[in-house]
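Chains A and B supply the protein sequences, listed in that same order.
Residue numbers for the first sequence follow this note's numbering, beginning at 1 and rising by one.
Residue numbers for the second sequence follow this note's numbering, beginning at 1 and rising by one.
Honestly, the hints are just simulated from the structure, not real lab data.
Owing to the predicted nature of the structure, the values given are computational and were not obtained by experimental measurement.
Do not take every clue at face value.
Same chains, same names: a pair is fine if it fits in one copy or spans any two.
[Claimed, not checked] In silico lysine-lysine, PhoX-like type, Cα no more than 25 Å apart, as pairs:
{"hint": "1", "residue 1": "Lys-70", "residue 2": "Lys-48"}
{"hint": "2", "residue 1": "Lys-39", "residue 2": "Lys-3"}
{"hint": "3", "residue 1": "Lys-39", "residue 2": "Lys-152"}
Number of protein chains: 2
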Amino acid sequence: MSKPLGIAVAGLGTVGAGVVRLLAEHGDLLAQRCGRPIKLVAVSARDKERKRDIDLSGVAWRDDPLALVKEPGVDVVVELIGGSDGVAKKLVEAAIAAGKPVVTANKALLALHGTAIALAAEKAGVALGYEASVAGGIPIIKALREGLVGNKITRLYGILNGTCNYILSTMRESGRDFADVLAEAQAHGYAEADPSFDIDGVDAAHKLAILTSVAFGAPVNFAGVHVEGIRQISALDIEFARELGYRIKLLGLARRTENGIEQRVHPCMVPLDAPIAHVEGVFNAIVAEGDYVGKTLFQGRGAGAGPTASAVVADLVDIARGARLPTFAVPANALSREGAAPMQRHVGAYYVRLMVRDQPGVIAAVAAALRDEQVSMQSMIQRGRSLEQGSVPVVLTTHETEEAGMMKAIKRIAELDAVVEPPCVIRLEQI
Amino acid sequence: MSKPLGIAVAGLGTVGAGVVRLLAEHGDLLAQRCGRPIKLVAVSARDKERKRDIDLSGVAWRDDPLALVKEPGVDVVVELIGGSDGVAKKLVEAAIAAGKPVVTANKALLALHGTAIALAAEKAGVALGYEASVAGGIPIIKALREGLVGNKITRLYGILNGTCNYILSTMRESGRDFADVLAEAQAHGYAEADPSFDIDGVDAAHKLAILTSVAFGAPVNFAGVHVEGIRQISALDIEFARELGYRIKLLGLARRTENGIEQRVHPCMVPLDAPIAHVEGVFNAIVAEGDYVGKTLFQGRGAGAGPTASAVVADLVDIARGARLPTFAVPANALSREGAAPMQRHVGAYYVRLMVRDQPGVIAAVAAALRDEQVSMQSMIQRGRSLEQGSVPVVLTTHETEEAGMMKAIKRIAELDAVVEPPCVIRLEQI
Numbered sequence: 001m002s003k004p005l006g007i008a009v010a011g012l013g014t015v016g017a018g019v020v021r022l023l024a025e026h027g028d029l030l031a032q033r034c035g036r037p038i039k040l041v042a043v044s045a046r047d048k049e050r051k052r053d054i055d056l057s058g059v060a061w062r063d064d065p066l067a068l069v070k071e072p073g074v075d076v077v078v079e080l081i082g083g084s085d086g087v088a089k090k091l092v093e094a095a096i097a098a099g100k101p102v103v104t105a106n107k108a109l110l111a112l113h114g115t116a117i118a119l120a121a122e123k124a125g126v127a128l129g130y131e132a133s134v135a136g137g138i139p140i141i142k143a144l145r146e147g148l149v150g151n152k153i154t155r156l157y158g159i160l161n162g163t164c165n166y167i168l169s170t171m172r173e174s175g176r177d178f179a180d181v182l183a184e185a186q187a188h189g190y191a192e193a194d195p196s197f198d199i200d201g202v203d204a205a206h207k208l209a210i211l212t213s214v215a216f217g218a219p220v221n222f223a224g225v226h227v228e229g230i231r232q233i234s235a236l237d238i239e240f241a242r243e244l245g246y247r248i249k250l251l252g253l254a255r256r257t258e259n260g261i262e263q264r265v266h267p268c269m270v271p272l273d274a275p276i277a278h279v280e281g282v283f284n285a286i287v288a289e290g291d292y293v294g295k296t297l298f299q300g301r302g303a304g305a306g307p308t309a310s311a312v313v314a315d316l317v318d319i320a321r322g323a324r325l326p327t328f329a330v331p332a333n334a335l336s337r338e339g340a341a342p343m344q345r346h347v348g349a350y351y352v353r354l355m356v357r358d359q360p361g362v363i364a365a366v367a368a369a370l371r372d373e374q375v376s377m378q379s380m381i382q383r384g385r386s387l388e389q390g391s392v393p394v395v396l397t398t399h400e401t402e403e404a405g406m407m408k409a410i411k412r413i414a415e416l417d418a419v420v421e422p423p424c425v426i427r428l429e430q431i
Numbered sequence: 001m002s003k004p005l006g007i008a009v010a011g012l013g014t015v016g017a018g019v020v021r022l023l024a025e026h027g028d029l030l031a032q033r034c035g036r037p038i039k040l041v042a043v044s045a046r047d048k049e050r051k052r053d054i055d056l057s058g059v060a061w062r063d064d065p066l067a068l069v070k071e072p073g074v075d076v077v078v079e080l081i082g083g084s085d086g087v088a089k090k091l092v093e094a095a096i097a098a099g100k101p102v103v104t105a106n107k108a109l110l111a112l113h114g115t116a117i118a119l120a121a122e123k124a125g126v127a128l129g130y131e132a133s134v135a136g137g138i139p140i141i142k143a144l145r146e147g148l149v150g151n152k153i154t155r156l157y158g159i160l161n162g163t164c165n166y167i168l169s170t171m172r173e174s175g176r177d178f179a180d181v182l183a184e185a186q187a188h189g190y191a192e193a194d195p196s197f198d199i200d201g202v203d204a205a206h207k208l209a210i211l212t213s214v215a216f217g218a219p220v221n222f223a224g225v226h227v228e229g230i231r232q233i234s235a236l237d238i239e240f241a242r243e244l245g246y247r248i249k250l251l252g253l254a255r256r257t258e259n260g261i262e263q264r265v266h267p268c269m270v271p272l273d274a275p276i277a278h279v280e281g282v283f284n285a286i287v288a289e290g291d292y293v294g295k296t297l298f299q300g301r302g303a304g305a306g307p308t309a310s311a312v313v314a315d316l317v318d319i320a321r322g323a324r325l326p327t328f329a330v331p332a333n334a335l336s337r338e339g340a341a342p343m344q345r346h347v348g349a350y351y352v353r354l355m356v357r358d359q360p361g362v363i364a365a366v367a368a369a370l371r372d373e374q375v376s377m378q379s380m381i382q383r384g385r386s387l388e389q390g391s392v393p394v395v396l397t398t399h400e401t402e403e404a405g406m407m408k409a410i411k412r413i414a415e416l417d418a419v420v421e422p423p424c425v426i427r428l429e430q431i
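With the hints as extra help, turn the sequences into a complete structure.
So this is what it looks like as structure tokens:
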């Protein structure tokens with residue numbers, strides 16, 4: 001048996017403790033699979049006294065994570081601290097500068113600084129493993145940079161945030177409204193006390209930015225992602241989606257267009273015959289379409305100690321086995337120079353729900369606004385008459401049209417006196 | 001740019017031509033992704049004159065595939081001839097003996113001789129790539145031996161034959177019967193003129209045997225697979241499945257039990273809330289459950305020139321990038337020595353459809369047979385009364401029970417005078 005691969009783990013939260021537990025439980029199996037043991041040499045975390053239910057005997061403890069880089073016997077640094085800047089970034093940079101491979105689960109770090117980190121790692125000749133940064137339970141980075149490497153990826157999309165998918169699934173199953181289901185998700189620990197990172201689409205956008213780079217060989221461009229969340233989705237929309245033959249999913253979508261790389265995160269109406277429509281609860285799923293392979297779908301848990309530890313350890317095994325891979329499928333200095341495709345140029349179909357005062361002429365005014373912006377309506381539903389002076393929902397869907405015109409029409413519609421709340425706009429995706 | 005990886009392709013059928021086309025079309029992209037070009041040096045096929053619509057200028061042609069092994073400039077031999085024995089096996093063995101890595105799409109070869117070939121390859125220190133042998137469009141071998149390598153796989157199952165899934169999907173959508181849909185599939189080229197290899201489950205069993213080895217670190221044991229096909233499934237069964245909340249799928253399933261490795265290929269009743277129930281048409285899908293990662297699902301096309309070429313090229317890229325992997329996730333000489341779990345010991349629930357003469361006492365006799373073998377019935381449906389002297393369907397489902405007792409009960413039921421055709425037995429899978 002060859003020399004052990006010595007590793008240091010920085011950050012012993014849920015994921016860090018999961019990694020330590022996996023390495024201990026499957027030590028023999030991993031040694032057999034790698035041809036050498038993976039040995040935990042040192043750890044660092046904020047609170048040494050915290051109860052973690054893991055055995056750290058014989059493992060060096062360092063209060064300063066940066067000290068792990070120079071720790072004797074450490075071949076690989078595992079960064080599980082999190083955060084796009086601060087100590088996580090310093091640690092990754094220091095490890096690379098010291099010529100040590102890095103494994104990280106840090107999507108924010110890579111979404112914001114991924115290209116620079118990949119360039120530094122490749123210049124230093126060290127591996128950068130980040131499978132755990134996107135949909136931990138799904139080996140999608142490996143699939144894109146190795147398994148589907150023979151393809152030009154033509155389109156990629158997925159359910160990248162388990163919290164949003166749980167909320168939308170539960171709304172559909174229970175008929176309850178967003179705020180109510182969010183509160184329950186928070187009580188169950190499926191959503192954070194401050195849920196904005198998840199429900200406003202930021203977390204999904206981080207992951208999409210990373211996936212886009214691997215899939216299309218482009219620099220990581222988080223700022224180029226058009227991001228919308230799910231706060232405006234109501235029980236009414238869920239019900240209309242059912243009626244129209246769709247399910248509502250928060251998707252991240254990316255493709256190469258003639259205007260540049262298009263990256264979008266927003267709620268979508270997904271047809272029921274699309275396999276991804278049936279991915280429910282906290283599961284994530286990613287569809288990659290390649291010119292030779294056709295459509296492939298990968299589904300699994302996106303978060304949690306077990307799935308994320310599984311991804312971290314897969315990266316460690318790759319390093320133990322001597323794998324050498326360009327970070328984003330092509331060398332970082334060969335990434336394309338394309339910019340982001342402007343969202344205004346996006347072409348697609350739309351679902352719009354309006355709450356309107358039930359009075360003559362409203363529909364005519366809405367239709368005129370669409371017509372004036374060259375938006376072609378596909379269907380319109382007005383459900384029931386209001387009692388007293390209340391409002392009624394009006395739902396319309398459009399044929400394919402350009403985002404710019406659609407948004408102008410929506411603005412005009414929102415300004416109509418009879419329209420009593422901001423319109424809810426959900427894109428209809430042909431997937 | 002480093003030295004090219006020289007390859008030879010033996011067999012220029014649909015898949016072989018697809019590989020040649022992919023390498024030509026994506027040559028620059030692959031060179032960038034590998035850090036070196038992949039260069040087609042030589043080919044061999046039975047009929048040099050056949051029109052293939054590929055450019056072979058500058059590529060050596062050898063009538064004898066075995067001559068490719070010694071061809072100057074050939075670093076890797078790609079075997080796309082097919083067949084479990086004969087020239088395909090000779091070629092793979094010769095390449096390994098000459099110290100050259102092998103990439104193959106040959107599931108029959110690996111299902112029958114996989115362990116010996118893996119031992120020879122590892123002894124010679126050469127890579128054996130076989131991603132294309134199982135569900136070409138799904139990088140499942142890579143997922144099992146790398147992406148999920150940190151897990152003990154607890155169970156694996158999948159839709160491994162696109163022809164069967166197409167037939168079952170079409171039967172469900174159209175209400176038509178098996179023979180009719182099979183004939184249509186043959187006319188469309190989705191089923192072979194002699195369809196037995198697919199519809200009797202042999203092809204799925206080949207693939208399952210390979211997957212089992214990677215997932216569980218056991219020798220390839222095709223003989224240990226319990227195999228049943230889909231010929232006995234009727235439109236009636238499809239209709240009863242719908243009524244009971246299931247879809248019928250031909251699945252391959254494997255798990256480690258206390259009695260050994262259990263491998264089964266047979267039609268299953270799959271509950272509608274299982275994602276795999278929604279995998280329709282010619283698509284394949286595989287679910288791998290790991291102790292850390294939980295449930296993962298991989299879906300894609302299982303066959304065809306594009307998906308299979310994509311898998312072959314992924315293996316070539318791995319070799320070009322210098323990857324070194326134990327063939328079945330652990331070294332071949334470390335594979336477990338477990339035998340096959342006897343099917344008689346399998347425990348599960350069952351659906352049974354009988355065609356019976358509509359006369360008093362039949363149900364009592366059926367119930368008695370089950371009771372005598374300690375099989376506990378869960379539900380029973382008798383649909384309609386027969387007109388004239390015809391037969392009526394009786395469907396029953398059981399609670400979990402052991403296969404041995406169930407088969408004894410089925411035998412007794414089949415022998416009842418009032419039961420006019422062999423019972424159709426479909427296992428209910430909790431997945």
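Hints, one by one, checked against the model:
1. Lys-70 - Lys-48: Cα proximity of Lys-70 and Lys-48: one copy only (20 Å, versus 62 Å across).
2. Lys-39 - Lys-3: Answer is within: at 10 Å inside a copy they meet the 25 Å cutoff, but 36 Å across does not.
3. Lys-39 - Lys-152: between (38 Å within a copy, 19 Å between copies)
Hint compliance for this structure: every hint is met.
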